[in-house]
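Student: Sequence:
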Amino acid sequence: MNTLAIAGKRLTYLRLGTGAPLVLVHGFPLDHSIWEPVIPFLTDCFDLILPDLPGFGGSDSPEPDPVIETYAHALADLLSHLGLEQTFLAGHSMGGYVALAFARLYPRLLRGLALIASQTVADTPERKAGRYATAEQVAAQGAGVVADAMVPKLSVDPAHYPLLNELILCQKPDAIIAGLRAMAGRPDSSSLLSSLNVPLVLVHGQADALISVERAREAAQMVPHAVLVELPEVGHMPMMEAPEQTAAALKRLTYA
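Residue numbers for the sequence shown follow our numbering, beginning at 1 and rising by one.
Please note that the accuracy of each hint is not assured.
Stated by the list, open to error - Below are the EDC-like pairs computed for lysine to aspartate or glutamate, each with C-alpha atoms no more than 20 angstroms apart in a straight line: (1) Lys128 with Asp65; (2) Lys128 with Glu36; (3) Lys128 with Asp174; (4) Lys251 with Glu36; (5) Lys251 with Glu230.
The set of hints was computed from the structure by calculation and includes no laboratory data.
Just so it is clear, the structure is predicted and the values come from calculations on it, not from any experiment.
Please construct the entire structure, taking both the sequences and the accompanying hints into account.
Tutor: So this is what it looks like as structure tokens:
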């Protein structure tokens, strides 16, 4: 792992492969390691950059009460540190929300966008309330609250449950709380998506129990040039459940 200091905070990331830069942004509440299954299929054509978002994995926690844009700014700082003027960007779930914020804030840095098991709509009032309630539970009881609730919904294959459970339990409670609050406060990005003039790839499992595949279908209808890849019998973790197909979809960024 590589380490970068941003405003006195440590940001960790993995970099490998050759080709056009592609930043892979993990979802909540996980870290860069979820992308490991797709790495062998991508290193021959991409300069892969896998950051741990602030607070997750080996990265230091952000300042209290971050917003989704906080994570997007961290990605921009990372690109600046690496001397990259543009990149392809792929975000999984919460990472997709971060990627959309990045597209809004730094459009000139974006060469293409992929949303994996993500969505453009903001939380409903009920969903927001649920996230805030979960944040309070995590503050009182720790990461296990989220692991118990999420792991059975992340994948259709129980073989992935032990690793996913371990990954969540390894995350810092304050990072989980910050992520929940940031997601609750994120804006609707539907209009942003429809205005994008870069390649757009949407990857979604048809059996996703956390974010319906309908969200990806709706997003694809908003963008005429979008590439929608639906994966049958795949849940919320396409990069783990169907790594080769997910990698093939990401390669379509280069000719979408």
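Student: Decide, hint by hint, whether the structure agrees.
Tutor: Hint check results:
{"no.": "1", "hint": "Lys128 with Asp65", "verdict": "holds (15 angstroms)"}
{"no.": "2", "hint": "Lys128 with Glu36", "verdict": "violated (31 angstroms)"}
{"no.": "3", "hint": "Lys128 with Asp174", "verdict": "holds (18 angstroms)"}
{"no.": "4", "hint": "Lys251 with Glu36", "verdict": "holds (16 angstroms)"}
{"no.": "5", "hint": "Lys251 with Glu230", "verdict": "holds (15 angstroms)"}
Violated hint for the displayed structure: number 2, the only one.
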